[in-house]
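K.L.:
Quick note, the sequences are listed as chains E and F, same order. Residue numbering for the first sequence follows the working numbering, beginning at 1 and increasing consecutively. Residue numbering for the second sequence follows the working numbering, beginning at 1 and increasing consecutively.
To be clear, the hints were calculated from the coordinates, so they are not data collected in a lab. Predicted, not measured: the structure shown is a model, and the values here were computed from it. Honestly, I wouldn't trust all of these hints.
Simulated crosslink set (EDC-like; lysine to aspartate or glutamate; CA at most 20 Å straight-line) [stated by the list, open to error]: (1) E:Lys-9 x E:Asp-73; (2) F:Lys-42 x F:Glu-56; (3) F:Lys-2 x E:Glu-59; (4) E:Lys-44 x F:Asp-39; (5) F:Lys-42 x F:Asp-82; (6) F:Lys-42 x E:Asp-38.
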Amino acid sequence: NAGVTQTPKFRILKIGQSMTLQCTQDMNHNYMYWYRQDPGMGLKLIYYSVGAGITDKGEVPNGYNVSRSTTEDFPLRLELAAPSQTSVYFCASSSAGQDYEQYFGPGTRLTVT
Amino acid sequence: RKEVEQDPGPFNVPEGATVAFNCTYSNSASQSFFWYRQDCRKEPKLLMSVYSSGNEDGRFTAQLNRASQYISLLIRDSKLSDSATYLCVVRGAGGYQKVTFGIGTKLQVIP
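Isolated chain E, as found in the complex:
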């Protein structure tokens, strides 16, 4: 099992550009999450999904969009990138009923200049 995979690992965007961060898990987990982690700050939940076709906002959803068409995939879309979106983005998944045990992907380091 690969677990949770994320692409790309690194990306530099110019202000106003858009991009999609990809996330795939092969553990058949129902729950998936997107977090951002800034230096000196805890992980902040951006969006989460409890199953295919179901998504909901987390703590910091502004400037992002998600979709969940399959159990495996949970892409995060950044529209009109801003410097405030410079961060490390982690995707995670967990099984229903064990949401505290989240399996994280390796992260995407995004810089917006």
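Add chain F to chain E, keeping to what the hints say.
P.N.:
Chain F in isolation, oriented as in the chain E frame:
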């Protein structure tokens, strides 16, 4: 007051030392508690759950004090490989969307 507060450190300790971290939480209705470990520039991984009665996993002991609203992590006989950031995680009422991560406490074990 932040939902979950941790001393960011760093805690620099010699190999073989015992070190303890505390984490306080603000919501008395919080239901469950965990410690995650995050190595430098890596993803977080679950280290252990924290039970009301306390629990031990090898050199690691986690305890919960509901009255004072804090959890602790004790590491005995520190190894170089224990160097990492330890994230306190609190799960509140309401399930998955109320899992809150602390900023983490950085531990550096020195030879």
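K.L.:
For this structure, which hints from the list above don't hold up?
P.N.:
Hint check: 2 fails alone, others pass.
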